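These protein sequence lines map, in sequence, to chains A and B.
The opening residue of the first sequence carries number 436 in the working numbering; numbering runs sequentially from there.
The opening residue of the second sequence carries number 1056 in the working numbering; numbering runs sequentially from there.
Hints were generated in silico from the structure; no laboratory data involved.
Predicted, not measured: the structure shown is a model, and the values here were computed from it.
The beta-carbon is built from N, C-alpha and C at its ideal position, and this holds for glycine as well.
Check the hints yourself; a few may be wrong.
Over the 12 Å line for every Cβ pair with chain A, so calculated as not near, a few chain B residues [as the list claims (entries may be wrong)]: (1) Gly1101; (2) Asn1119; (3) Val1265; (4) Val1279; (5) Ala1390; (6) Asn1464.
Only pairs whose alpha carbons sit at most 27 Å apart, straight line, appear in this in silico DSS-like list of lysine-lysine [claimed, not checked]: (7) Lys1084(B) x Lys625(A); (8) Lys1423(B) x Lys625(A); (9) Lys1403(B) x Lys1321(B); (10) Lys1572(B) x Lys1387(B); (11) Lys1529(B) x Lys1467(B); (12) Lys1403(B) x Lys455(A); (13) Lys1467(B) x Lys1451(B); (14) Lys1348(B) x Lys1387(B); (15) Lys1660(B) x Lys455(A); (16) Lys457(A) x Lys1529(B); (17) Lys1387(B) x Lys1582(B); (18) Lys625(A) x Lys1451(B); (19) Lys1452(B) x Lys1440(B); (20) Lys1091(B) x Lys1069(B).
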Amino acid sequence: MTRPLREVVFVDGVRTPFGKAKGQYAETRADDLVVKLIRELVRRHPELPPERIDEVAIAATTQTGDQGLTIGRTAAILAGLPESVPGYAIDRMCAGAMTAVTTTAGSIAFGAYDVAIAGGVEHMGRHPMGEGVDPNPRIVSERLVDPSALVMGNTAENVHDRYPAITKDRTDAYAVRSQDLAAQAYADGKIQPDLVPVATRSAELGFGLATTDEPMRPGTTVDDLGKLKTPFRPHGRVTAGNAAGINDGATASLLASEETAKELGLPIKMRLVTYAFAGVAPEVMAVGPIPSTDKALAKAGLTIEDIDAFEINEAFAVQVLAFLDHYGIDQNDDRVNPYGGAIAFGHPLASSGVRLMIQLARQFEEDPSIRYGLTTMCVGLGMGGTVIWENPHWNGEKKGAA
Amino acid sequence: MSTPIETLLADVAKLYSDDEVVTTAHLRKVTLASGKVLGLVTLDNGLDHTRPNTFGPKSLVSLNTAYDAALADDDIDAIAVTGKQFILAAGADLTSLQAGGPDGIRTIAELGHAVFRKISGGAGSAASGPNQRRKPSFGFINGLALGGGLEVALHADYRTVIDSVPAVGLPEVMLGLIPGWGGGYLLPNLIGPENAAKVFIENPLNNGRVLKGLQVRDLGIADVAFNGADFLEQSLVWADKVLTGEIVVSRPEIDRGQAWDDAVAKAAAFVAGKTSGTSPAAAKAIELLTLAKTATADDGFAAEDDALVAMSRTPELVASLYSFELVQKRAKRPAGAPDKNLAQKVTKVGIIGAGLMASQFALLFVSKLKVPVVLVDLDQDRADKGVAYVHAELDKKLAAGRATQDATNRLKALVTGEVDYQKAFGDADFIIEAVFEEMGVKQTVFHNAELVAPETAVFATNTSSLSITEMASKLKNPERVVGFHFFNPVAVMPLLEVIKGEYTSDAALATAFATGKKLGKTTILVKDSPSFIVNRLLGRFMGEVARIADEGTPVAVVDSAFAGVAPMPPYVLIALVGPAIAYHNNETLTKAFPDRFYLSENLHKVVEAGKRSFYGADGKLDPEVEALLTVGDKQLSPEEVRSITLDGLADEIRRMLDEGVASAPEDIDLAMITGAGFQFWNGGITQLLDREGISEKVAGRKFH
């Protein structure tokens, strides 16, 4: 049998406003966050018969409690999707939602699915990083992994050691840029259209409604950041200010084969070019996006110069700067995270991949001179993931060319 | 004129109790997509959904504070009220209502109105009043909303409802109250008098039926329904659109002409049929429905206040609350039942007999216990007929959409017919007999069953009059026999009398109670005695009645004497249970207590003639029956008939309590309510006998 590969498109993406751990979602369940998003995707796309959804893939790093019970399937049932629609749970730590997208996209390209929902959730207030883990003692006894690799902040400090040119001043400046751009994006209404308000329960205050990203700290200055402690090392560089926080939130996207999208009249926000994941030494986890990007570019037959838009997850500012320095991109380059990143919005681990895609789709829509863009992120235990997308609105010009 | 709220707030403070589970009203500002700000009030008593929000004195004050704050805050454009997860509120805190006496009830009634109506009066509301500083308002019915829990939302201009809502209603009339926080006035003005009557008059009198799911929207109580997955979010989006004018809510015009009067007449006829004018609350509810046509909100609410105070003075309220307690609490924890941990597991049920009664048992047991049920009769044909009956009933349920094919397959496969005792009972843990009502026959079938059944198997008998002790006496393990007395129709009547014989072990008794509970029945422990509780009292009742009729009072006069006592006139009841069964019951009782039970020769003749009723199809005394009767010439008035009969009942109940047939008057009432349909709002029978002074007159003391 001959099997033609099919184009995969990003139809739409939505997310909950992100929360601070113990903040606006303190009494809201993780699975409920996902449910609201599935319903919103279905509501926004009446042209999609719900029974045409072939898979609901939802990522979570800690798959117990309200993030357990095969969350993709439970969320589908709770959202009222037809019972014929299956679902599963997925985990690649921070790149959970990204992996949900690439895995279902692979199935679409292969012809197994026509339409899928892919997303992720992490309620870090309820499920702190490392909850219930039981690392194999061989990791220590056989020195398989540097003990510092299990604490993400330590790995970020390790990356500073590797790249002495990345100073604390630079990471703090980058963090301020992220806050400023996020505030500006809010002011310009670039973020809100893809947020799904969530009713938040509080025994103390009564029901409320989450409509904005709680972690944001607009107006943060470099001076403010200079005063923060460096919890991972005395006189270190990584602070709560130049890293993403401990957050709660969920994301979900709608993917389809391009032909199905056309058949149903679904909009196309991005077209998938290719993706790659790569491993690095776990103790310098934050450099992961470099090999994964190299790998993806090579598969796509592109070079970094072909990429006109970047959405890099800001787990740590140092991780972004390592990536940018490697490719010779200025840390203030306006192709990079132009609406701000995780330092401002927050990084609810397994959900973040789709937030990057939502923002890249916004870049594509805003600037038709962009042809290719990428979303990339570092992943715990030494990995990186990169997904390259093509702008369906591309007007044939080259961004930045006179 | 209504009392100023300051006075009410001062008065209500006197009603404060430390026992009140306070439902706090939390006010929180929510900015909607349009930028408008909603003051969202969440009612939350801090407990989980098994303990619903209620409104006691402190709870009302909390809501008042929240509403005042929302009204005073200029940032807030509109107000909404909703509840903690799954629950809006279950209405007034009945304990606090009772505690304050009539004055307290007036304070609570008026304060409820004063607080609830703070958000009412806008467009779309019938309760507009002058000089109210007001903002548009919404009720988000996010879960159970009963009584005051619904009324708090009815005062709002607009309502949304969760599409899976389990219970919405105004059940007050069932409890001897009326919807007194605006429901009696607002609901007819919102959804029309006919639908309102269904909600606050008919449903409460139909065993407290409530509305579910989309019915709430379809009746017009809510303007729109949303799915539970994002009910509050979608309610907020909808409210925002109403506020910005993007959505205009239109409701059907209510016909305030003849149609209103017709609806009232229809409701009144329903009440007359159900209560024969003996439920003051139902009568009051009809008055409120009538008044709602023309009254202003002020007058309508004042009438509700007055009605609530009037109801608080009625013995029917006390009786209703007593019944409520019986049905809600006592029914769930049968008095005198042994430790439930002693109960044995029932994994297979054997039924001796395969006739109609046996088949009904099989249907009930298999449906509820979902274990193998085997019907045993003298030949395979009879056994198979029993199985066929069960299968047909299960198929009917499937056809009606009340069961799935898989569930039907499962149950049908569990029911079998058998002639061989060894095969049928060799591994059964619960064996019930439904054979001919004769001691010798029952002793024989139990003996045969004991030869093959496991030593621990419980033997239950559905006898309505034979001695459990005697039935057990010939067995090797007499401790395994227990009485298990159902009421007809078995599937419908809630009562199951569980009878302890002299030998009955705690394990057998506990197994009987546990099984009864699984069958969905209200179980009551009864001492082994002639006809147990319900049939003994009905026997005395029928005996007194028959003696009076036989002595010369016309049957029609006799039948007119018991409105508000029995669920139906005695000779109508005879037709329902069958004259032969009624006669047989009195035969048993007359044998046991010849001094006071009466066996009617006239009834005997009717039975012999094969007549099913004293009445013909036209509702009049059947001339053929009349020809059979030999009557005297002593004619009594309905009042005399009632008095003599109630004297007899009071006498019998006192004897039953003294003999230990039932452990308390509460069990007698619970039995009569659930087994004979005696009125809830009367508190069964003993409350009525106490308040009319009959118990004291007859037995020298009250029952309570």
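So, going through the hints one by one against the coordinates:
{"no.": "1", "hint": "Gly1101", "in the structure": "6 Å, violated"}
{"no.": "2", "hint": "Asn1119", "in the structure": "16 Å, holds"}
{"no.": "3", "hint": "Val1265", "in the structure": "24 Å, holds"}
{"no.": "4", "hint": "Val1279", "in the structure": "15 Å, holds"}
{"no.": "5", "hint": "Ala1390", "in the structure": "37 Å, holds"}
{"no.": "6", "hint": "Asn1464", "in the structure": "20 Å, holds"}
{"no.": "7", "hint": "Lys1084(B) x Lys625(A)", "in the structure": "25 Å, holds"}
{"no.": "8", "hint": "Lys1423(B) x Lys625(A)", "in the structure": "58 Å, violated"}
{"no.": "9", "hint": "Lys1403(B) x Lys1321(B)", "in the structure": "50 Å, violated"}
{"no.": "10", "hint": "Lys1572(B) x Lys1387(B)", "in the structure": "8 Å, holds"}
{"no.": "11", "hint": "Lys1529(B) x Lys1467(B)", "in the structure": "35 Å, violated"}
{"no.": "12", "hint": "Lys1403(B) x Lys455(A)", "in the structure": "56 Å, violated"}
{"no.": "13", "hint": "Lys1467(B) x Lys1451(B)", "in the structure": "12 Å, holds"}
{"no.": "14", "hint": "Lys1348(B) x Lys1387(B)", "in the structure": "42 Å, violated"}
{"no.": "15", "hint": "Lys1660(B) x Lys455(A)", "in the structure": "85 Å, violated"}
{"no.": "16", "hint": "Lys457(A) x Lys1529(B)", "in the structure": "71 Å, violated"}
{"no.": "17", "hint": "Lys1387(B) x Lys1582(B)", "in the structure": "19 Å, holds"}
{"no.": "18", "hint": "Lys625(A) x Lys1451(B)", "in the structure": "59 Å, violated"}
{"no.": "19", "hint": "Lys1452(B) x Lys1440(B)", "in the structure": "19 Å, holds"}
{"no.": "20", "hint": "Lys1091(B) x Lys1069(B)", "in the structure": "39 Å, violated"}
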